[in-house]
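Assemble the whole structure, with the sequences as input and the hints as a guide.
Residue numbering for the sequence shown follows UniProt numbering, starting at 1 and increasing by one per position.
These are calculated hints, taken from the structure and not from any lab test. Don't be surprised by glycine CBs; every beta carbon is placed ideally from N, CA and C. Among the hints, a few may not be true.
[As the list claims (entries may be wrong)] Here are the simulated distance ranges between beta carbons: (1) 53 to 148: 19 to 25 Å; (2) 168 to 129: 49 to 55 Å; (3) 104 to 67: 45 to 51 Å; (4) 81 to 165: 32 to 38 Å; (5) 60 to 151: 44 to 50 Å.
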Amino acid sequence: MSNLPTRRGFLAITGTGTAASLAGCSQLESITQEGSENPDEAVTVTVQPEREELQRLEEEIRADLDEGTLSQQEAGRVFRERQVELTEAAVASFEESVAGSELSVAESRPEYGLLRVTGPDVAIMESLRNGDVSGIYPGERYELIVQQQQQREQRQEMLEQQQEAQETDGETNESDAGNETDGTDAGNETDE
1 MSNLPTRRGF LAITGTGTAA SLAGCSQLES ITQEGSENPD EAVTVTVQPE
51 REELQRLEEE IRADLDEGTL SQQEAGRVFR ERQVELTEAA VASFEESVAG
101 SELSVAESRP EYGLLRVTGP DVAIMESLRN GDVSGIYPGE RYELIVQQQQ
151 QREQRQEMLE QQQEAQETDG ETNESDAGNE TDGTDAGNET DE
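What follows is the structure, given as structure tokens:
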């Protein structure tokens, strides 16, 4: 199994982000329908790197993979690390853009592209419309999303450890292959 998404896998991941954005829209509607005009009530927003940046990253890593400078596992690890860097940069950009505006950031987890913000509903909705955020969720979802991301990271680490163990076992088996015999006693025979 490849850790580096294929084009189809990459599109599925970005499609999931789009679905999350749509879900964020519906969550905001339910928040605003409840008459929530309290600017102190926090909502959870997600921020993602630009699609073009992710595509460039995928192309770079795929080229390194094709050239043989990275193994499949290394490519997956590098992709995830650089994706986190791009996400952190997107969060920093969002935080800079809201400085001095009606929105304020109560807390954030840049590595996940996750922030809890406060401000008028109109300003929050505008940040979604202009593409500053990719999804809006109720404020109480913040901790749940953080926990889900941490669990995903733990599963990924376990998977990588298993793959490393399998690769190590595979290398050991390959080195043992040179010591195998054909099962005959040729050369050990004695004349009677």
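- Evaluate the given range 44 to 50 Å for the C-beta pair formed by residue 60 and residue 151. Because 29 Å falls outside the window, the suggested range is violated.
- Query: Would you say the C-beta atoms of residue 104 and residue 67 sit inside 45 to 51 Å of each other?
  - Reply: 46 Å, holds
- Message: The hint says 49 to 55 Å between residue 168 and residue 129; measuring C-beta to C-beta, is that right?
- Response: Holds, at about 51 Å.
- Message: I want to verify a distance hint. Is the separation of the beta carbons of residue 53 and residue 148 within 19 to 25 Å?
- Response: 24 Å, holds
- residue 81 and residue 165, beta-carbon distance inside 32 to 38 Å? Once the Cβ atoms are compared, 21 Å apart, the range 32 to 38 Å for residue 165 and residue 81 is violated.
Violated hints for the displayed structure, listed by number in ascending order: 4 and 5.
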